[in-house]
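Chemist: Protein chains in written order, with the working numbering: chain A, 135 to 491; chain B, 41 to 294.
Calculated from the structure, these hints are not laboratory results.
Glycine included, C-beta positions come from ideal geometry on N, C-alpha and C.
Hints may contain errors.
With a straight-line cut-off of 20 Å between C-alpha atoms, the simulated EDC-like cross-links for lysine to aspartate or glutamate are [what the hints assert, rightly or not]:
| id | chain 1 | residue 1 | chain 2 | residue 2 |
| --- | --- | --- | --- | --- |
| 1 | A | 295 | A | 284 |
| 2 | B | 85 | A | 331 |
| 3 | A | 295 | A | 376 |
| 4 | A | 288 | A | 137 |
| 5 | A | 433 | A | 386 |
| 6 | A | 337 | B | 78 |
| 7 | A | 295 | A | 379 |
| 8 | A | 337 | B | 100 |
| 9 | A | 441 | A | 466 |
| 10 | A | 337 | B | 269 |
| 11 | B | 59 | A | 356 |
| 12 | B | 85 | A | 343 |
| 13 | A | 337 | B | 84 |
| 14 | B | 59 | A | 358 |
| 15 | A | 186 | B | 84 |
Just a few of them, taken from the derived set where beta-carbon distance is under 10 Å, the chain A residues facing chain B [to be verified]:
| id | residue |
| --- | --- |
| 16 | 200 |
| 17 | 260 |
| 18 | 334 |
| 19 | 336 |
| 20 | 338 |
| 21 | 349 |
Here's the letter readout for the chains.
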Amino acid sequence: MREEKRVFMTGNEVVAWAALAAGADVMFGYPITPQNEVMHCWTRLAHKYGRKFLQTEDELSAGFSTIGGVLAGHKAFTATAGVGNVLMQEPMSMAEMMRLPTVAVVQQRGGPSTATVIYSQQEVTLTATGGNGEGLRIVYSTSSHQELFDYTIKAFNTAWKYRFPTFILGDGYQAKMRESLTVYDPEARGYGMVEPEPFVGGKGAPGRDRPPAQYRNTYNFEEELYEKLMSDIGEYERIAPEVAECQSYGTEDAELVVVAHGVVFRAVREAVEYLRGLGERVGYFRPLTLRPLSLPKIKELAAAAKKFLVVESAYGQLGRLFKDACCGTAAEIFTLYKPGLGVVADEVKSRVKEILR
Amino acid sequence: MCPRPDMPRSWRVDTKPHKFCPGCGHGLILKSLGKVIDELGVQEKVVYGCDIGCSLLSWDFFNLDTVQTHHGRTTPVMTGIKRSRPELICIAYMGDGGGYSIGVQHLVSAAARNEKITVVLANNTQYAMTGGQMAPTTLPGQKTETTPFGRDPETTGFPFPGPEMVAAVAGEGAYVARGSIGNLRQLTGFLKKALLNQIEGRGFSFVEVLSACPTNWRTNAAETWDFIEKEMPAYFKVGEIKVPAGLEEVEAGG
Chain A
135 MREEKRVFMT GNEVVAWAAL AAGADVMFGY PITPQNEVMH CWTRLAHKYG RKFLQTEDEL
195 SAGFSTIGGV LAGHKAFTAT AGVGNVLMQE PMSMAEMMRL PTVAVVQQRG GPSTATVIYS
255 QQEVTLTATG GNGEGLRIVY STSSHQELFD YTIKAFNTAW KYRFPTFILG DGYQAKMRES
315 LTVYDPEARG YGMVEPEPFV GGKGAPGRDR PPAQYRNTYN FEEELYEKLM SDIGEYERIA
375 PEVAECQSYG TEDAELVVVA HGVVFRAVRE AVEYLRGLGE RVGYFRPLTL RPLSLPKIKE
435 LAAAAKKFLV VESAYGQLGR LFKDACCGTA AEIFTLYKPG LGVVADEVKS RVKEILR
Chain B
41 MCPRPDMPRS WRVDTKPHKF CPGCGHGLIL KSLGKVIDEL GVQEKVVYGC DIGCSLLSWD
101 FFNLDTVQTH HGRTTPVMTG IKRSRPELIC IAYMGDGGGY SIGVQHLVSA AARNEKITVV
161 LANNTQYAMT GGQMAPTTLP GQKTETTPFG RDPETTGFPF PGPEMVAAVA GEGAYVARGS
221 IGNLRQLTGF LKKALLNQIE GRGFSFVEVL SACPTNWRTN AAETWDFIEK EMPAYFKVGE
281 IKVPAGLEEV EAGG
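Next comes chain B alone, as it looks inside the complex:
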């Protein structure tokens, strides 16, 4: 019998192995999120929402009440739940297309209203589920199916600075950070703060995570890590962008 891999208690074991491609970053992000939910002991209170796109494959990922919505619409669904039942802990999980393009109005407005929800957004620099088109986060020169000769900032703009935008519009009490699957310990700490910030009722919490899509990037393991650890951080600076008073000292769990 194979030894069972170490899984967060909040995961649904019967839906594992998960549905993501080999090498996908979603599994790592959701493992960090699961660990934080375990550590904070909030499984009974969490409502998890996922988007359209690859994130929808997590609709049965956790032993959490879950709603799979439309592209970028997870934010207003979680807003509706949170405003109706403030005791619940609402997590909206989405990709960069949902959060920064088709649903950007929801992200901006939720941040501006300082909704007491937590948004976690996976940035893999392109639309993965639909077959690798350009996203707001595609790097200059990066080839995608709709920029086959590389993204030209002259005609399609520069990569979208999501957390920086959220930090600019969110009010006092908001927590904003950018983590990476290249540093899971740090990411877990960011996610913990993002949930604590909601639990403690301070304001909007937002964590962008630099994530990998070797399927659409057409990269091997070494190239994937190179992209994650070198190319992406050149545009997307990893770290905390807005930390409210009272959250500075929180450490990532073990």
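Chain A with its partners taken away, still in its complex shape:
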């Protein structure tokens, strides 16, 4: 894939092509809708391009064997959704503890439990802060197939550069619909790809030529764990400004800023552009990373004491993250929450007009 190409494909296929372009060596996966076609496409690409795949016995195994691949020094990834993502949290908490550069693609479906196989934005809390820890992960929320391609490639670099588990948070709509995008070889575009390195199985005899590489997630003393966690948290906070990404528009003069992520952002963008065309003082803010959030930008917007409208296909999962970031400001926050249901631009327009009236 040396030459750039315009293609028209589903989001799941985009993920597989992006993983190939990023130089992923192996995928470990377990079937769950709506991510299945990531595996379907990857198995065919892997056969053609000499990469590997294993269908594991469950998502626990998919996550832990992804960890094994990473420990061996390979770019390994997995994809999951819904209750599969619930199981995935156990291995990802280990990746968090050991600072392992796993890459996981989550195509959100309805929740809780089995719910729908179709769509939601209800896996934000789980993906951003799941596991029995502090949520030291990086979560990209994409809103188009081009972003799905760009950010899946970027996720491998982010993971291997910063050594925090990295997630691409998509959803069933993005997974299943077809859209045009440009696929490319990142290196041909001059994007340097971070080379993976083995954590175990390096050169030389352990104990003789080098110390043995020994990774644990067990700690005997509170103080020992505290020291380790504060070091990781410090590192996470240090890199957060480099990693965090967001988009905003019209916020300079806006009376109301609409906040949304993922595919819902598309409806919000359309609504805001339309309303500004009519002279309404409205703007948008879109976090591209849900973990870490672009806190300085949010503080800056909130300091202007504006009104905000949080729109999402969940009942306040982005809302909680955003309110937490606004804490201590005079921001007035309105909501349009539709758990497990899509949002269209007209609904956003009506809600904005209602608030501004």
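Take the given structure of chain A and dock chain B to it, following the hints.
Modeler: Showing chain B alone in chain A's frame:
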């Protein structure tokens, strides 16, 4: 100065004495494993994985690259490493709770896929690290913290036949055995075959080891050995269960 006890070269001397309780079987199993790694000269290639539970105390036991994982999840971690780097020799070390209960799906599936890894499982008939609860391997009538009046097979089933199950699902080329800390020479031979089988790329290798937990059994030395040598083998038959062609003649090292 005390004379240094005889330790395998692959052990990490600076982490000895080890962290296991007095009388625990883990030290003996890991000594046998260490001797085999020495004899085969594979220290540079081995990646050792241990579970949650008492086995995690071995995370710095060897001069080997080591990963300490979650309960029963050592099997998929070693699977991921082995599939990525087939030249490495991957050993998953776990207890009966990790292997036969919470992580049994990983053991069954790795065996069924004939993953080219070696799993060594210590069977001490209960959950030791968490304070002596019933395990799949608890003997009928045996008292544990969650069966204070003895395990009743009517409500909690019979002891879990791990190697027999693995042998039933594993394909051609798998090696399956049950050893005991009561016969270290035999155990060392089983472990050697289990590693050779992986090195020679035949298939899945699995060794269950009857092990002791005097702390939770609340037994003295004589009672501990009695349990290991008489009571446990009455349910868990010691010996080789599946031996692939080419491995029959291997002898335990000295």
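Chemist: A separate judgement is required for each hint: does it hold in the structure or not?
Modeler: Right, here's what the structure says about each hint:
Distance restraint check for residue 295 (chain A) and residue 284 (chain A): the Cα-Cα separation of roughly 17 Å lies within the 20 Å cut-off, and the hinted pair is therefore satisfied. Taken as a hint, the residue 85 (chain B) and residue 331 (chain A) pair is honoured in the structure, with Cα atoms around 16 Å apart against an allowance of 20 Å. At most 20 Å may separate the alpha-carbon atoms for a hinted pair to count; residue 295 (chain A) and residue 376 (chain A) meet this at roughly 11 Å. Among the hinted pairs, residue 288 (chain A) with residue 137 (chain A) is consistent with the structure: their alpha-carbon atoms are about 19 Å apart, no more than 20 Å.
Using a Cα cut-off of 20 Å, the hinted pair residue 433 (chain A) and residue 386 (chain A) holds, with the two alpha carbons roughly 14 Å apart. Note on residue 337 (chain A) and residue 78 (chain B): the hinted pairing holds, with a Cα-Cα distance of about 18 Å set against a maximum of 20 Å. For a cut-off of 20 Å, the pair hint linking residue 295 (chain A) to residue 379 (chain A) stands: about 16 Å separates their Cα positions. Between residue 337 (chain A) and residue 100 (chain B) the CA atoms are separated by roughly 19 Å; this keeps the pair inside 20 Å, and the hint holds.
With a C-alpha separation of about 5 Å, the suggested pair residue 441 (chain A) and residue 466 (chain A) falls inside the 20 Å cut-off, and the hint holds. Of the pairs offered as hints, the one joining residue 337 (chain A) and residue 269 (chain B) is violated, with about 43 Å between alpha carbons and a cut-off of 20 Å exceeded. Restraint check for residue 59 (chain B) and residue 356 (chain A): satisfied, since their Cα atoms lie roughly 18 Å apart, inside the 20 Å limit. Distance restraint check for residue 85 (chain B) and residue 343 (chain A): the Cα-Cα separation of roughly 13 Å lies within the 20 Å cut-off, and the hinted pair is therefore satisfied.
Under the criterion of a C-alpha separation no larger than 20 Å, the hint pairing residue 337 (chain A) with residue 84 (chain B) is consistent with the structure, at around 8 Å. Under the criterion of a C-alpha separation no larger than 20 Å, the hint pairing residue 59 (chain B) with residue 358 (chain A) is consistent with the structure, at around 17 Å. A hinted pair counts as satisfied when its Cα atoms are at most 20 Å apart, and residue 186 (chain A) with residue 84 (chain B) does not qualify at roughly 25 Å. With its C-beta approaching chain B no nearer than about 6 Å, residue 200 (chain A) sits inside the 10 Å limit, and its interface hint holds.
Hint status for residue 260 (chain A): violated, given a least beta-carbon distance of 18 Å to chain B, over 10 Å. About 4 Å separates the beta-carbon of residue 334 (chain A) from the nearest beta-carbon of chain B, less than 10 Å, and the hint is met. Taken as an interface hint, residue 336 (chain A) checks out: its beta carbon lies about 7 Å from the nearest beta carbon of chain B, inside 10 Å. Because the closest C-beta pair between residue 338 (chain A) and chain B is about 7 Å apart, less than 10 Å, the hint holds.
Satisfaction of the interface hint for residue 349 (chain A) is found here, the shortest Cβ-Cβ separation to chain B being roughly 5 Å, below the 10 Å cut-off.
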